[in-house]
Amino acid sequence: MPLSLLLSLSMALLVVGLHAISAARRTGRSQQTYGISLVICVILLGMALVHLLSAAAPATLILPLGLPWLGAHFRLDALSAFFLMVVNLGGAVASLFALGYGQHEPAPGRVLPFYPAFLAGMNLVLLADDAFTFLFAWEFMSLSSWALVMAHHRESANTRAGYLYLVMACFGTLALLLAFGLLAGPQGGYDFATIRTAEMTPGLAALALILVLMGTGSKAGLVPLHVWLPLAHPAAPSHVSALMSGVMTKVAVYGFIRIVFDLLGEPVAWWWGGLVLGLGGITAVLGVLYALMQHDLKRLLAYHTVENIGIIFIGLGLALAFQGNQMYASAALALTAALFHVLNHSLFKSLLFLGTGAVLAATGERDMERLGGLIHPMPWTALAFLIGAAAISALPPLNGFASEWLTFQAILLTPELPQWLLKFLAPAVGALLALSAALAAACFVKAFGITFLGRPRSPAAAQACETDRYSLTALFTLATLCLLAGILPGLVVDGLSPAVSLLNGGARLPVQQSQPWLTLVPVVDVKSTYNGLLVLLFMALSGILAAVLIHRFASHGVRRSPAWDCGFPDVNPAAQYTAGSFAQPIRRVFGSVVFQAREQVTMPPPGDGRAARFEVKMRDPVWDYGYAPITAAVIAISNRFNHLQYLTIRRYLSLVFGALVLLLLGMALWR
Amino acid sequence: MHGLEFDIAHLLAGGMVVISLLLLYQDRLYALLKVFALHSLTLALAVGWQAHIQEAHHLYVTAGIALVFKAIVIPIALYRIVRQLGIHRTLEVVGGVGRDMLAGAALVALAILVMLPVTAGTDAVAREDLAFALAVVLLGLLLMVNRHNAVSLVIGFMSLENGLVLAAAGARGMPLAVEISVAFSVLIALIVIGIFLFRIRERFDSVDMQAMDAFRGGRRR
Amino acid sequence: MSGALGWMALAALLAVPAGAALLLVGLPSYRLGAGLNVGAALLSLLASLILLWIRPDANLYLRVDDFNIYLIVLNNLVSLTTSAFSAGYIAHELESGRLTPKYLRFYHAMYQALVFAMNLAFLANNIGLLWVAIELATLATVLMVGIYRTREALEAAWKYFILGSLGIALALFGTILVYLAAQPIMGQGLPAMAWDQLLIHAHAFDPALLNLAFIFLLLGYGTKAGLVPLHAWLPDAHAEGPTPISAVLSGLLLNVALYAVLRFKMLMNANPSALAPGPLMVGLGLSSLLFAGCMFYRRGDIKRLFAYSSIEHMGIITFAFGMGGPLANFAGLLHMTMHSLTKSAIFFAVGHIAQVKGTQRISTIHGLTATHPLLGWGLVIGVVAIAGMPPFGVFMSEFLVVSSTFTRQPWLALPLVAGLLLGFGTLLWRLHAIAFGESQGTQALGPAPITALPMVTHLALVLVAGFWLPGPLVTWFQNVAALLG
Amino acid sequence: MALMHDHLMQGGQMLLLLLLAPLLTGWVRTLKAQLLRRRGPSLLQPYRDLLKLLRKEVVLADSASWLFRVAPYLIFAAIWVAAALVPTFASSLPFSWSADLIAIVALLGTARFFLALAGLDVGTSFGGIGASREMMIASLAEPAMLMLVFTLSLLAGTTELSAVARFMLTADVGLRVSLALALLALIMVAIAENARIPVDNPATHLELTMVHEAMVLEYSGRHLALIELAASLKLLLYLSLLGCIFVPWGMTTAGEEATAYLLGVAAYLAKLGLGGLLLALFETSIAKMRVFRVDQFLSAALMLGLLGALLLFVSRSL
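Residue numbers (this note's numbering), protein chains in the order written: chain A, 167 to 837; chain B, 20 to 240; chain C, 86 to 570; chain D, 434 to 751.
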């Protein structure tokens with residue numbers, strides 16, 4: 167019975183957390199905690215893989231917990247197995263990384279108990295099969311991750327981030343609660359089996375969809391519900407940031423898929439797809455634009471999470487649109503693209519966050535403007551980070567490109583859709599997707615170039631040294647996976663096809679393994695194909711060929727000398743290009759529109775000794791127009807009501823008196 | 020004969036309403052106390068009459084309680100308190116007596132409007148008594164709301180209790196539990212209030228509630 | 086035989102606290118007093134547990150039924166833990182010289198009197214007796230709120246006393262009206278005031294009279310339950326009295342008042358042509374919820390803050406019962422229980438915090454989790470639990486309330502959800518300031534871990550209830566939910 | 434045998450590209466010189482430059498890292514592979530299915546990515562200028578390019594180039610507005626991507642407006658040679674892309690006899706020559722624009738591409 171084993175392993179994680187409470191003080195216990203978590207995650211990962219590849223039948227289990235008359239339902243099917251794989255892969259690698267990184271933790275007592283609990287919460291969400299258990303695990307996940315965000319609570323910024331995070335999480339849960347209320351109906355049939363069979367009117371289903379978008383979107387970071395994400399993810403310790411950004415957002419995506427594709431099920435109104443598609447496109451572009459404006463490495467990565475969530479939701483929106491028109495073959499392609507990107511993003515985002523963790527541990531700096539030249543002291547970290555950066559920038563032959571290529575192919579099928587809105591929307595979203603991909607490349611040239619290349623901008627960066635071997639192992643595990651998923655996409659596509667067919671009325675992509683050279687052939691009759699393996703081979707061959715020839719027949723002498731730089735090399739590292747200056751052209755092009763970015767140069771007159779100043783003022787439109795008014799309103803109302811605390815007894819009496827008279831009048835007039 | 024019974028009950032109950040209005044009218048503490056004594060006296064008579072026409076003898080006890088405690092003991096006690104506290108004689112009425120009288124009249128109307136249709140089931144005496152009792156209760160509340168002074172607040176509360184007793188007496192065959200509880204509560208109330216007034220005496224220079232409102236909870240924080 | 090045992094237990098429930106109260110008045114040593122206090126509470130808890138299995142059949146004054154028995158057990162349980170907490174608390178108050186042994190005698194006596202009154206209120210089968218008991222409880226708490234005799238304390242007690250007796254008066258009028266409605270049908274005398282009898286005949290009562298009665302009863306007992314706009318006494322009474330009393334007020338007395346309201350709601354439901362009490366209760370509940378949510382933000386006093394949280398949750402519970410139906414009623418009952426346990430736990434923590442920090446000002450309390458981990462995390466867990474997050478019991482009740490409401494009355498669910506979110510946000514804002522950040526103020530040593538036992542016990546109970554409810558309790562809730570209709 | 438032959442074909446094309454690329458560059462330079470009434474260098478000057486650079490030793494800046502040394506090979510490989518996947522004189526080459534037009538665009542992106550990183554590596558201000566501007570330009574040029582891909586794939590039903598080329602040869606293309614828009618967009622993108630006037634000036638140095646040259650400023654010797662070669666390969670790629678999409682005539686399909694191949698090669702050379710001429714004419718007739726007007730130039734291209742795609746999306750359903 168694999169399911170019971172999965173559950174007991176998740177429980178074991180909780181126990182580890184409890185044990186860590188007592189153990190946190192003592193040294194070496196962090197190693198223990200992370201070690202056990204690593205082992206458990208690996209086992210869970212293996213079991214999930216087995217279930218997914220063996221295409222086993224769904225297993226269910228009911229425990230006498232949760233809602234008394236309902237019990238806690240658990241279920242393991244292809245979809246949850248796929249996401250279990252994603253979650254536990256991330257968990258395992260993060261734990262491995264933490265074996266080394268955890269020793270730099272200043273407050274282990276605030277991390278160790280909650281880390282395994284967080285993992286357990288995510289696993290339970292994926293296994294839950296009734297509304298109560300689902301929300302229970304969901305909220306538990308939020309709570310434990312909140313505790314991890316608050317680990318370094320002495321910086322007021324972190325406290326604020328944690329607060330915003332918890333409130334947004336509560337908002338999301340309430341939205342989901344309402345959605346489940348709709349799905350369950352007045353009789354309160356909260357278990358998913360009942361919900362699947364229940365009939366819903368289109369209006370209610372649409373309402374449920376919107377609520378689910380709000381609920382899961384607020385956790386996944388859909389614009390405009392993303393505001394908490396770039397604050398909260400960086401605030402946590404880096405391996406937790408990797409989990410939150412790389413994995414927890416995927417759990418949110420799972421929630422969306424589970425409820426919308428599985429529970430709501432057919433029939434799907436066509437405009438659902440349009441809605442999700444549009445949100446995804448906006449999220450993708452805004453996310454990467456925000457990221458370009460950041461100097462804080464972790465916050466930059468967090469904003470890229472927003473972007474990639476947008477890409478995933480583009481795929482999901484396309485799938486909904488196709489399903490709404492009974493085009494299941496195309497829907498299969500879109501779904502595959504989305505799920506594939508889920509996996510890819512979890513890989514390279516964890517990789518990047520862990521790499522940032524290594525940098526943080528080595529230099530104590532997150533601000534790119536104070537880093538630089540790290541490729542010299544920590545070449546291996548640099549290499550891993552470079553692979554991650556190339557992958558997230560969708561460069562062939564790495565995995566990011568494979569999934570985005572599939573998404574493009576799905577968009578190219580949209581002209582078959584009958585609805586005009588979708589016809590216009592799809593190419594526009596395609597343009598947005600292309601734009602976000604290109605901007606992402608720019609952003610990671612900045613991230614990698616400013617952080618690792620050039621010359622160190624601060625003594626901390628100059629004295630950095632290579633990170634420990636646990637961390638390096640974790641980094642290169644992920645880097646290898648990125649490369650493999652990139653050159654063998656066919657295998658991955660076949661691997662997640664059971665999940666796709668589960669959600670897609672049995673329709674799935676053609677089997678890829680039979681193709682020559684493991685080429686990716688999304689739709690049989692359309693002749694668009696891509697083969698990462700061959701591309702890699704060609705590049706390797708030609709590159710090596712060139713190298714060999716040149717070194718064999720031409721010179722291979724090398725002479726070191728100061729930089730040329732057109733004759734006047736600047737001795738001061740501060741004269742290098744900074745993150746801000748690198749982003750300036752793009753800020754001028756896009757930022758002036760989106761963020762109302764204003765540049766202000768104050769140049770002292772000649773002879774004046776004072777330094778010239780250059781300031782950039784930017785506004786966050788989402789916050790300024792979405793959230794600030796709400797908070798202001800709440801504060802205003804509170805201030806207004808606050809007087810009621812200070813009335814005289816007479817006034818309070820007259821309140822009661824008024825209530826009484828009012829009700830009596832009501833009585834008198836009622837008849 | 021029934022007519023007479025009814026008229027007398029009506030007269031007494033109505034008298035209580037009028038006296039409640041008089042209470043509203045007072046703006047001097049001693050006068051207020053005297054009128055309140057009158058109020059309680061009328062109550063005693065009304066309850067006694069009810070006992071007579073209902074042949075419910077336990078009601079005589081209630082009447083006695085009302086007479087002894089509310090008409091005699093309490094006013095005297097309060098008189099003492101007022102004198103030994105030496106609190107200033109006049110009590111400012113919040114926004115004019117005239118407005119109070121208007122509000123009072125409106126309340127009486129409301130009480131009758133609410134009560135008469137409701138109690139169609141029970142007999143006429145109970146209906147009258149209940150309507151007037153409700154009026155007395157509301158007027159007592161108005162008195163509490165419209166006075167700054169602690170003592171008059173207490174008196175307002177008492178007249179409200181009087182209204183309750185009237186209602187209880189009006190309800191045929193209401194078990195003794197109620198009267199006991201009423202008397203008992205009034206007793207406790209008196210004691211507590213007494214304690215309070217003295218405590219307040221320890222802390223404050225006057226029983227004027229405005230003095231206490233100065234320290235309303237939370238303001239200092 | 087068993088019946089006899091039942092009656093003995095029942096008698097013990099009333100006699101033990103009463104006797105203890107009388108004894109405690111005369112007991113000079115406060116240590117002995119505290120011990121006796123705990124002992125008496127323990128005894129009455131045992132008695133209530135006996136009643137759990139053996140129920141004497143009702144007479145015209147007292148009765149034990151499904152509804153009140155679990156409230157009685159809860160009542161005595163919390164009063165036991167609170168007395169244990171107060172033993173440690175009071176000792177510190179003596180050291181800090183805020184209380185003198187003379188007052189302590191008084192305090193312990195009043196504590197037992199309060200327990201007696203609340204037990205009586207639950208056990209009463211006679212609406213007059215119920216009223217007397219609640220009056221008694223009010224007076225006892227008034228005296229205890231004023232016990233510090235500071236200006237603020239006196240004023241809070243005064244406010245509480247005036248508003249409380251007004252509520253009591255209104256409730257009495259309502260009671261009389263109920264009797265008037267019953268009397269024509271059931272004839273004069275005691276039966277016309279007995280719950281079980283009333284319920285049987287309620288269908289025949291004059292609906293108009295019942296409606297009027299319910300208005301008075303709702304306002305009267307609603308004042309005791311601290312429903313907005315009748316709540317004014319509650320925050321100050323919580324903030325100025327000794328913390329154990331705040332715990333008892335929030336955890337128990339509010340329940341008593343709500344219990345009374347529910348009894349009369351059952352009466353209303355039993356009469357087909359009377360107006361449905363639901364809308365009134367829903368309205369009061371929503372107003373309390375939203376109002377409290379708005380009040381958190383500006384609170385500077387930690388005890389007042391959580392007093393407002395009590396108002397909020399009374400609002401939620403009233404809302405749930407107002408909605409009615411098996412799910413909502415179940416949720417309401419569960420929420421009552423969970424709120425009692427959690428809120429009293431929070432007040433235990435707050436009491437220790439206030440003593441350690443020597444102040445109740447939030448602005449001077451920061452980073453508790455760093456300086457006093459036990460208290461700090463205890464408070465965090467308590468607040469997280471009361472805010473309705475898993476793995477704690479309140480989550481289940483809020484889950485049921487919200488989801489069941491949304492399918493039946495979507496437009497009611499929206500203000501409900503808005504209120505919940507508002508309250509959550511503003512309360513958590515305060516919590517973050519208190520529990521996290523750079524620590525300020527005195528770094529004085531926290532109380533001995535053993536004194537935190539009551540808090541830990543409550544939190545543990547709430548935690549367990551979060552994912553597992555024992556079967557008997559569930560069947561109980563379901564029966565009562567059915568009774569409440 | 435046939436398979437062998439196909440692989441020969443593929444290899445032949447790759448070599449041909451390698452050989453032709455400098456010649457094309459030289460051709461454009463000579464033409465420009467002539468147009469400016471200068472004698473100008475000979476056609477073979479680029480070859481001489483490359484050989485000279487190859488023989489020289491590399492002068493590395495002290496702060497240069499391993500990435501700086503690896504980048505040239507990566508860039509060269511990526512661009513060469515991309516170029517090899519564009520049908521030149523023969524469509525449907527054996528490996529043409531291994532990457533479609535999207536992949537080709539992405540491969541160019543890879544090359545750009547590493548070029549920009551190399552520009553940042555030494556840590557000089559000029560490198561930074563070049564890198565940041567290059568990425569800004571690319572962030573607009575790539576989407577425009579992909580819009581072009583949309584348009585083509587909507588017409589041809591595929592994103593694979595040789596299939597597109599074959600489709601363009603057939604009659605049922607017709608004259609379409611969106612094709613014209615796509616052509617315009619592609620030309621603009623090509624100009625930007627190859628750092629030609631008016632976006633950038635390939636012949637300039639020590640000018641704050643330069644983009645491409647600023648990135649490769651620190652390179653020397655064989656590295657510089659590789660990068661120069663890659664640059665001219667890129668130019669060749671774009672020209673042959675234009676050729677195979679918009680003037681596919683004379684292109685042979687694999688598996689025909691030698692004469693056909695000769696014809697195809699001849700036609701291809703003719704196209705290149707013409708393309709070079711047009712480019713030279715254009716470049717001499719226009720002045721370079723300010724860097725911060727480039728974005729308008731390219732967003733115009735993007736809009737054109739999007740417009741073309743939209744027109745097709747709509748017209749498809751009519």
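Since the hints were made in silico from the structure, they are not lab data. Don't take each hint at face value.
Stretches of chain A that chain D covers, calculated by requiring three or more beta carbons in the stretch to come under 8 Å of a beta carbon on chain D [unchecked claim]:
| hint | region |
| --- | --- |
| 1 | 590-597 |
| 2 | 717-724 |
| 3 | 728-735 |
| 4 | 746-759 |
We put the beta carbon where it would ideally sit given N, CA and C, even for glycine.
Now the hints, each set against the structure:
For the region 590-597 of chain A, the stated coverage by chain D holds: 6 residues have a C-beta nearer than 8 Å to a C-beta of that chain, and at least 3 were required. For the region 717-724 of chain A, the proposed coverage by chain D is satisfied: 5 residues have a C-beta within less than 8 Å of a C-beta in that chain, meeting the threshold of three. Counting residues of the region 728-735 of chain A whose beta carbon lies closer than 8 Å to any beta carbon of chain D gives 6, which reaches the threshold of three, so the coverage claim holds. Check result for the region 746-759 of chain A against chain D: holds, 8 residues qualifying (beta carbon to beta carbon below 8 Å, three or more required).
In this structure, every one of the numbered hints holds.
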